[in-house]
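Please build the complete structure, drawing on both the sequences and the hints.
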Amino acid sequence: MTETQAPAEQEQATRTTLLEARDLHVSFASRGRRARAVDGVNLAVGAGEIVALVGESGCGKTTLARTLLGLERPSSGSVRYGGAPLAYDSRALRAYRREVQLVLQDPTGSLNPRHTVYEAVAEGPRIHGLPDEEKVVAEALSRAGLRPPERFFHRYPHELSGGQRQRVVIAGALALSPRVLIADEPVASLDASVRGEILALLLRLRADLGLSALVVTHDLGLAWNIADRVAVMYLGRIVESGPVEQVLTAPRHPYTQALLSVLPESPERVVLTGEPPDPTRIPGGCRFHARCQVLASGRAEEAGVAAKCRSELLEVLPAVPEAQTACHYAALQ
Amino acid sequence: MTTPLEAAEPAAAQAAGPGDERPAYRGTLRYAATKVGGALLSIGMVIIGTFFLFRTLPGDPVRALAQGRNMTPEALDLERHRLGLDKPRFEQFIDFVTGTFRLDFGTSYEYKRPVLDLIWDRLPATVLLAGTALVIAVGLGVWQGTKAGWRPGSRFDRFSTGTSLIFWSVPTFWLGLLLLMAFGNGIGPIPGLFPTRGIESVDAPDGFAYVVDVGMHMVLPVLTMVGVVYAQYLLVMRSSLLDEVGQDYITTARAKGLRDDQVRRRHAVPNALLPTVTLVFMRIGFIMGGAVTVEAIFTWPGLGQLFYRAVKVPDFTLMQGTFMVLCVSVILMNTLADVVYHVLDPRVRSA
Amino acid sequence: MSLLELDDVSVTYRIASGEVPAVRGVSLRLEAGAALGIAGESGSGKSTLAMSLLRLLPGDARVTGKIRLAGEDLLTMKWGRLRAVRWAEASIVFQGAQHGLNPVRRIGEQIAEPLLVHGLAKPEGARKRVAELLDQVGLPSWRARSYPHELSGGQRQRVMIAMALACEPRLIVADEPTTALDVMVQAQVLTLIKDLVASRDISLIMISHDLSVLADVCGQLAVMYAGRIVEYGPSHEVFHDARHPYSKALAAAFPTVGDPVSRMAPKGLGGDPPDPMQLPGGCAFHPRCPVAVDACPTLAVDLWPAGDRRTAACVHVKEAS
Amino acid sequence: MTTLAWTRRRMAFGRFWSVFRTRRAGVAGLAVLVFAVVMALIAPLFIDESVTSVLHDTGRPYSGPGVDSVIGRDESGRSILELIWWGSRTSLLIGFLAAVLAMVIGTVIGIAAGHFRGWFGALLMRVTDWFLVLPSLVTALVLAAILGGSMATIIVAIGVTAWPSTARLIRAQTLAVEARPYIERSKALGAGHWHIMTRHVLPNVAPLLLASITLEVASAIVTESTLAFLGVSSNKTSWGTMLRGSYDWNAAANGAWWYIVIPGLCIVAVVMAFTLVGRALEAVLNPRLR
Amino acid sequence: QDPGAGKKIVRMGATQSVDSMNPFLAVRLISTAVHRWTYGFLTVPDSKTLRPSPDLAESWTTSPDGLTWTFKIRQAKWSDGKPVTADDAAWTFNKIMTDEAAKTANGPAVENFASVSASGQDLTIKLKAPQASMLDNPIPILPKHVWEKVTDIANATGDTYPSVSSGPYIATEHKKDQYIKLTANPGYWRGKPKLDELQVIFYDNPAAAIVGLEKGDIDLIGRLFPPDFQALTGKPNIEQWNKQGRRAAYLQINHGATTTDNKPVGDGHPALKDPKVRTALHYAIDKQKLVADVQGGLAKPADGSIVPPMYTDFFWEASGDDKITFDVAKANQILEEAGYKKGADGVRTMPDGKRKLEFRFSIHTDTPVEDKLAEYLTGFLKEIGITLTTNRLDSSKFTEETGVTGLFDIAISGWSVNPDPEEVMATHLCSRRPDANGEGGGTESFYCNPEFEKLYQDQLKELDRPKRTEILKQMQKKLYTDAPVIAIYYPNDLEAYRKDRITSITSIPEGNGLIYGGSGYWPFFTMDAKATAASGGSTGGGSNTGLIAGIAAAVVVVGGAAIFLARRRKGAADERE
Ligand SMILES: Nc1ncnc2c1ncn2[C@@H]1O[C@H](COP(=O)(O)OP(=O)(O)OP(=O)(O)O)[C@@H](O)[C@H]1O
Ligand SMILES: Nc1ncnc2c1ncn2[C@@H]1O[C@H](COP(=O)(O)OP(=O)(O)OP(=O)(O)O)[C@@H](O)[C@H]1O
Ligand SMILES: [Mg+2]
Ligand SMILES: [Mg+2]
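Protein chains in written order, with our numbering: chain A, 61 to 393; chain B, 557 to 907; chain C, 123 to 443; chain D, 30 to 319; chain E, 596 to 1172.
Because the hints were derived from the structure by calculation, they are not lab data.
Predicted model only: the values in this text are computed from it and were never measured.
Ideal placement from N, C-alpha and C gives every residue a C-beta, glycine not left out.
Honestly, I wouldn't trust all of these hints.
Claimed, not checked - Chain C side only, calculated, beta carbon under 10 Å to chain A, not exhaustive:
(1) Leu312
(2) Val335
(3) Ala375
(4) Ala414
Here is the structure:
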């Protein structure tokens, strides 16, 4: 078992915002309809901060992550890096992508089976024309925990284990010395036993390099394991966000509560029925009201917000580090 | 606990009533409409392409019409005028397009009859020949492909795949010539069993005997076409069956206690057939190519023969008309294939 | 007599480059109405074991040992009898629900198929039964007319469960029924399985690599490593107090939210998963084991008693006892 | 570094070969193919164009296999063996060049159509589909008839009608490759269109191309012979024109079976060899089939 | 039951298809042959002498100036019972003279007509100039009452059956590119033919036609290609018919193509303007070898010009000093002396050293004989330091380049000569060259020689046959020595028929003449055959064989299906995983 370092208590308020989404909307044409996959998101990742983005399948997490990387263009709103809005000409994008890097869920798929580890890691430096390619690659590999790096240079992905592959992918990102890492479900396809290793690596990189990270996941345990802050997303919008300890131990939004309640160890579970949300048909009022257990159980009625829940739109949550939630019912307490 | 959205969904489906697939049906219609639109576009491209292709022809079509006979300059001019060749290129193009839409493909130099009439005369024979060959080839290919794919590596598999590959490598005309030599003329112990030309005897009898007569005439040409074509159906059926056999739902079917042949007949084959069905239609153009050769060898009075003659003369009006008709029919077949596939495969239907 | 008895079951795949011992000498016992969870990392032989129960393995797999279902030996059974046993006595829910259903047939037909094949119902009755089954798994009956792709992943998995229930078997094998499903849907499906098993006295074998899920649903837990069972016991005990270092690592991989110990401290297991064709000698886990001792590479491992109704295959357990 | 890369490449080839070797049909095909190609290449060392002349070294027309000529003579008394040997050069050359032409067009269009989404890709796909449904033999015949029969014309006529299936295949493969996460990763690393097309897509479609080009050569050889038979030929002695000759000069009725059977068998053997090798390559190289 | 049972039917194979059944339009040999069998003409070549003899015209008279001809039309009936009158003939000629479309097939034959009129059975034709070949008029006389209803000749197919005929046969059925059925005309004025039915069956594939003859699917096939003919050697029941033909094959040489206003056209090689070069070419050609190898020995090497030896009257053959025999050394010597020196590559150049002697040889696409000829000629000319490259052209382009625009050096050519050679002679007249606009024409050689012109005019006026023959021979000699065309050989007429079916046949001319290849209907009028046996027999794999084979096939299919099903059952029993 590898050791992990618990970071010193950090002053979150003093962190400067590095990457930010401002009132971001992304929509797709889907079977003749518009799927509003991301529907008004404000989110900030501070320097050296690890933010977890959690939510159900199809709620727009991946789309948000891709948009942050400039792989998808927002239909409105903007992505800002270092305070300036992201420009979409190829030059600016390329420069941006030295700073912000992506790690995907499926390490096997993320590596071209015809490229050796060396080529895979060197791809970024080559695209950006970095000098001292071999040195950069070796360094990135050893940072990612593949030591000694030379042993891995000429291996092909199929000669590596899943965890090693994910390390190669991370090394590929590190080779460009980015400042932000966006990881979309980085451990979802890995074996449970390997999972901890990779997460520990992320923590170590943050400690060593001051790397910020946005980790997209549907696993609350992961957020608990490594994130400073968590944002809960539902149907294209962030419905609750704040420091991990606060949000995960005392959730305020019924959706977060439901998510936490279905974890195996929880005493009483609230299983939401109904289908996964469909971004082509976002209900009016609170977007969660159709599945909301608080509304269904009549507690909202008692509190007198039921009508509001059904008809009144909620404000888009601002990108602040403090705990906040978008819920008519929670607003009362 | 039903949510408004969930409630709305089954309501819509129930409104369609049992047995009625309205949403899917409407989807199919829309799909068919776009496909037909695409086909029309393709046909338009065929028309334009044909015009320019045939306008690049060297030589003077009027003189071709004269076929080396002595014509006065006036007569040539008159003919030129009659064919509209004295007009500017653009006007010719407009004439050509409107003519084509009115199904007026001009008059054949060779036959001195409207090209459309000729094509219309020849169509049934080709449909008969190519249709029969196609049905047999598909039947044979699918049957052998199924058997081979179900037990890959078996003796039957190796034998049938090997044979089909050999046939696949054989040029159509060569196979036709060999068959003509062997079964038309008779070689050694093989008697000359089958007629070698045409679709019927000159003194064709009536009734059932006529059917037999035509059937006898069809043997060699159909055999030739089937021989060359069936391999691809076999190979596709085999590989798509192999694909299906690896799927989990086949294991599920086995786990359910189905007999081996039930698994094959109910699950594997119907699913594997889908790609084969598309291929059948997709490769209609290939069949047409085969028809040209086979009809030329066996004097089969079909479109292929007409086209072959047009190429040999060369009779450009006829060639152009036949070419367009062949292309358009292939395009239509493909469109049909798309729609059929769409109807057959529920996965595509709602996509 | 137990419903299912496995006695020294081994499965070997023959492939071009040699033999893959996927399952190596597994012995298990399952009482009627009980639920057994099998956990283990990818490639440890869980699915192979599950498939061997109904002789569904491909032709290149060789199974040895004894598998007895209600006293009958499945491995020597006649084909006709085996077909009758399949689904009617024991059914199976596969790993990927989207692939376990025939994509071009309506789900109603597919659920009804085993009923008709086993002669348990006439077409009319089968239709009624399908509606009933769909209702039991919480799907509206008009869904019978849908095609698999028209359903969400969770719904498909429920259809698979409905199908598994169709012939009212005595045993259901669920091979990773919730992997690749969303948290919320996963909870729905697990609740459904739990309820069904509890209410009908059906035995369940559930496979997963998520120990926490298994601990939740099953009474007993078996942890597999490299084709062997390395720990066996009541699930909560195994989960919270594992005796085998591998089980420990596996359990630690699933942190409890709110537990300050795991906050900012993800735990994992170093090293690479074993290559089944080149298994280390002795205890197969020793190269990755944090508490390995000198004896491990040569030790003849066996499941040693490790407490009340518990066994584990670790030298430390042996020494302790 | 480079030597290492070389050894790795050699090893990769060795791996490929060890898999390919297990496919007996493919190996047999390869043997035939190598034989045919080598024979065609070394032909000028032994014979020259004059073997196709009707005036030099001719024997009795339609004399059968014997001491005088190993496998008989044609209608002008030329040796069939020599004609086949010399004609293989034309057949193979046309086959290869037409296939290469089809490949180049097909690859460029296929990759572009798969890579560029939006109207450009859609347009390319439309054009490809259009060409795909055209009855290729018929189109080739029309093209050859209009342009006149020379070697270049025949190659162009075959190449221009054969590329769409390649384009289709390449496009499908491109789409499959582009859907892989490593493309996304590469984009996130800052890669442009060119980088993705040449570094990721092309290497991944290349094996498929290799397989498909062998299959394409096979069909080009058949098409060439068919075109020759239907009366548009390259005016050079090829197996197709020989068969045409046997037909024109009614070798069948004159009992000169060797004139019909042997060139035909050569076509079948070589086409079959290409097909077997192509299929074997496909099976070994195409991950989907593996 | 076979409907043909008990009838005398002869089936003729044809590898050429009918272009049109409308006699105004039909130009193909097969179509004109069918029209010869179904329609009457003014005159018909005599079956023995090939001289014009009465057909529908019973008798005729000429005015002393040779400009007015009066034909007496015989009392005969159309097959629909209407009488044949001079009006029918007059209408036919007038139609061709007035309707552009009707000129398609036989326009030139009425070019010289000033007017045509009829009164009763008397037909009067007034000519613009005297015309000795008047009695070889190739126009079938059509029934006015049928054809006058046709307004658009250009688009009339003539496919109305039974046709209204006055010849020995009536066309009763025609399936395009499949077959034509002709039945005997019972009211034919010479009497009903011996055959009941004559069928023309089309083959695209000559090999299939030969197979058909061997099998008895067809009884006769005309105009055989040498290898096809040779293939029939020694086959039982087959009579091979190998006689002198009416065709001459020659090379057309661009010796300086000009238009009617004597302006040069085209891009012919300048060397060919030199008669010495043309003579050298002539010496270099081994006609014997061509005959032996290209025609399988079934032709006669040409020592004359464009009239084949079959026409013994008109045939002229070179002899003595005029005669050019194959002699490479001589050819080389001629070229050498004329200053065409060989270069280092063995190719000669023009005396001024500028241009090499590299000629194009224009042939038709898809003609194996011409291809083969080209191979040989290339070889021959190489021996005398001349490079020949083959230029294959489709027929319209070929006609244009070798007949109008003059874009050729040497081209293949040939002519099937009618009993009167006037027509073929006319193709070498100055007036046949294209005009300044590149229109018109019909020249075979771009030849324009005043002496030749004069001879032509003389023969037109010369009504005394022996004298006219002499003039025609002089014209041939002129062509031979001037060499605008070089005749290479006269292909034999090759035909074959089944002895067991056709019991008697008279060729034209009788004895050593032609059957199908000849002009006129004699062979087919006089032909006799065995009656078809009552049941099936040899005809076309008759329905009986068909039935048997069909039943056999059905048995095989059913049996196969049964075995298949049985095996499936068994297969279901032994299952596997
Ligand atoms: N390119 C696209 N075209 C159309 N719809 C899209 C596209 N990409 C995503 N969507 C839709 O947007 C919604 C959000 O998708 P997204 O992939 O961002 O979800 P996610 O939260 O990452 O889900 P998961 O947990 O399953 O990965 C989904 O409903 C999806 O169908
Ligand atoms: N058909 C086969 N042929 C050869 N080897 C196989 C085959 N199926 C499985 N194996 C091998 O057997 C071992 C066990 O596989 P199995 O699928 O049972 O693992 P698993 O525990 O179910 O893994 P997962 O969690 O990934 O589903 C693996 O090493 C696998 O590579
Ligand atoms: Mg996602
Ligand atoms: Mg598994």
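Exercise. Which of the stated hints cannot be reconciled with the structure, identified by number in ascending sequence?
Worked result: Failing hint: just 4.
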